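All you need for this note's numbering is the position in the sequence shown, starting with 1, plus 132.
Since the hints were made in silico from the structure, they are not lab data. The model shown is predicted, which means the values in this text are computed figures rather than measured ones. Glycine included, C-beta positions come from ideal geometry on N, C-alpha and C. The reader is advised that the hints may include incorrect statements.
Stated by the list, open to error - Label-pair restraints from in silico Cβ distances: (1) Phe-297 with Ala-323: 37 to 45 Å; (2) Pro-279 with Thr-193: 15 to 23 Å; (3) Ala-323 with Pro-289: 44 to 52 Å; (4) Asp-205 with Thr-273: 28 to 36 Å.
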Amino acid sequence: MNTRSYKIFLPLRFLLLCLCITLVSSTHSYFVIKEPQASAQWSNGAVNVVTWEKGVQDDITHFDMELVRLSKDGVTYIAYNVEAYPASPNSLNIYLEDIPTGDDYFLLFLNSTLGLMHCLSSRFAIINTTGVTSSASVSVTPDSSIPIVTISGSPNPTKGFVTTFASRASSIMFGVTSGHKCGGAMVLAGALVGAVLVLW
Numbered sequence: 133m134n135t136r137s138y139k140i141f142l143p144l145r146f147l148l149l150c151l152c153i154t155l156v157s158s159t160h161s162y163f164v165i166k167e168p169q170a171s172a173q174w175s176n177g178a179v180n181v182v183t184w185e186k187g188v189q190d191d192i193t194h195f196d197m198e199l200v201r202l203s204k205d206g207v208t209y210i211a212y213n214v215e216a217y218p219a220s221p222n223s224l225n226i227y228l229e230d231i232p233t234g235d236d237y238f239l240l241f242l243n244s245t246l247g248l249m250h251c252l253s254s255r256f257a258i259i260n261t262t263g264v265t266s267s268a269s270v271s272v273t274p275d276s277s278i279p280i281v282t283i284s285g286s287p288n289p290t291k292g293f294v295t296t297f298a299s300r301a302s303s304i305m306f307g308v309t310s311g312h313k314c315g316g317a318m319v320l321a322g323a324l325v326g327a328v329l330v331l332w
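Construct the entire structure; sequences and hints are all you get.
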């Protein structure tokens, strides 16, 4: 093999390696907060419902929930370690008590340990119960089988999470996830490509 053909073959090998990595890796990320919807109104002194929809093979088993506001500094930590398995409930009841009113609230689902944001809700308002208009209807009724988390007062980032959900008792149930499979396949593909490059 002369030098010129070697220079042509090197980009071809790189392209084959990139193609293998692309075929092996796949993305299954889908995480959407369905309620509260845009311009929804949550009421102080009432139970309000958060619902979400999540992909199955995204390796997100738990997440944390925070309430944030645009015009004011501060975060209200709502729930830590909320389960996100396919068989887990996809809603949570939140009772608001003396939360400052405003129309610039957002819910944030994230992994607070790693600092990874999973999704952000649409902008919604928090109003006092006496300020509810006839056009503001509740689109989701509270589910009695789902826990109720009570949050109260102004945002205070020095407070911890209001509720911490318990993890499942055994880690054996996690098994091999799609991330492990993808990582193993990439290691195997890399070893094969390396062997071919050495022997070629």
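Structure-based check of all given hints:
| no. | hint | in the structure |
| --- | --- | --- |
| 1 | Phe-297 with Ala-323: 37 to 45 Å | holds, 40 Å |
| 2 | Pro-279 with Thr-193: 15 to 23 Å | holds, 18 Å |
| 3 | Ala-323 with Pro-289: 44 to 52 Å | holds, 47 Å |
| 4 | Asp-205 with Thr-273: 28 to 36 Å | holds, 33 Å |
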